[in-house]
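Novice: Our numbering puts the sequence shown at residues 32 to 163.
Treat the hints loosely; a few may be bogus.
Cβ-Cβ distance ranges computed for the label pairs, FRET-style [stated by the list, open to error]: (1) Arg46 <-> Glu107: 41 to 51 angstroms; (2) Leu36 <-> Pro100: 18 to 28 angstroms; (3) Ser87 <-> Asp56: 13 to 23 angstroms; (4) Val99 <-> Asp70: 30 to 40 angstroms; (5) Arg59 <-> Glu129: 13 to 23 angstroms.
Calculated directly from the structure, the hints in this document are not laboratory data.
Bear in mind the structure is a predicted one, so any value in this text is a computation, not a measurement.
All C-beta atoms in this analysis are idealised placements derived from N, C-alpha and C, irrespective of residue type, glycine included.
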Amino acid sequence: APHVLVEEVTLASIRRAGDAFRAGDLRRRLERHHGANVDVAFWGFHDVWLDPGFASWNIEALLERIRVPLLVVQGEDDPYGTMSQVDAIRAGAGAPVETSILPAPCGHAPHAAHPAAVLDAMTSFLRRIELR
Numbered sequence: 032a033p034h035v036l037v038e039e040v041t042l043a044s045i046r047r048a049g050d051a052f053r054a055g056d057l058r059r060r061l062e063r064h065h066g067a068n069v070d071v072a073f074w075g076f077h078d079v080w081l082d083p084g085f086a087s088w089n090i091e092a093l094l095e096r097i098r099v100p101l102l103v104v105q106g107e108d109d110p111y112g113t114m115s116q117v118d119a120i121r122a123g124a125g126a127p128v129e130t131s132i133l134p135a136p137c138g139h140a141p142h143a144a145h146p147a148a149v150l151d152a153m154t155s156f157l158r159r160i161e162l163r
C-alpha cells in the first residue's frame, strides 16, 4: 500500500494505532516482527506521521522520475490510505503503472489478506515486464 501524500484517513488510523499500542495488544503483535526494537519502530513511524511538520509531505512531483514499470497493490478498505494514493501514482509516474486493487476485506496488508491474489498479480506483472 503505497503512500505519496498525507491523508486525514491515514492520520486518524495512526492515532488509533497509537491507542492500540498503548492499551491493546498491538505492541505484542508487532513484537513478533520487530523484536526488541518494537517500541523504536512503532513510535518512530507514529511520531513522524503525526508531527505537524509532516502534514505537508508530498512526493507526487517526484513520481515522474520513476522510469521502470510499477505494480501498485492496494487493499480496497485499507485504513491507512485511499485510492487517492493509487490515482496519484497512476497520474504522475514516468512509467507504466499497473494496479491490483484487492476487495474487502483487505486492509493495509494485502499480502496477508489475499496471498494468492497478490502472488498472482506479482507473477503476472513480472512475466509481462520480462518480455519488454
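Novice: Hint by hint, note whether the structure agrees.
Specialist: Here is how each hint holds up against the structure:
no.: 1; hint: Arg46 <-> Glu107: 41 to 51 angstroms; in the structure: violated, 22 angstroms
no.: 2; hint: Leu36 <-> Pro100: 18 to 28 angstroms; in the structure: holds, 22 angstroms
no.: 3; hint: Ser87 <-> Asp56: 13 to 23 angstroms; in the structure: violated, 33 angstroms
no.: 4; hint: Val99 <-> Asp70: 30 to 40 angstroms; in the structure: holds, 36 angstroms
no.: 5; hint: Arg59 <-> Glu129: 13 to 23 angstroms; in the structure: violated, 36 angstroms
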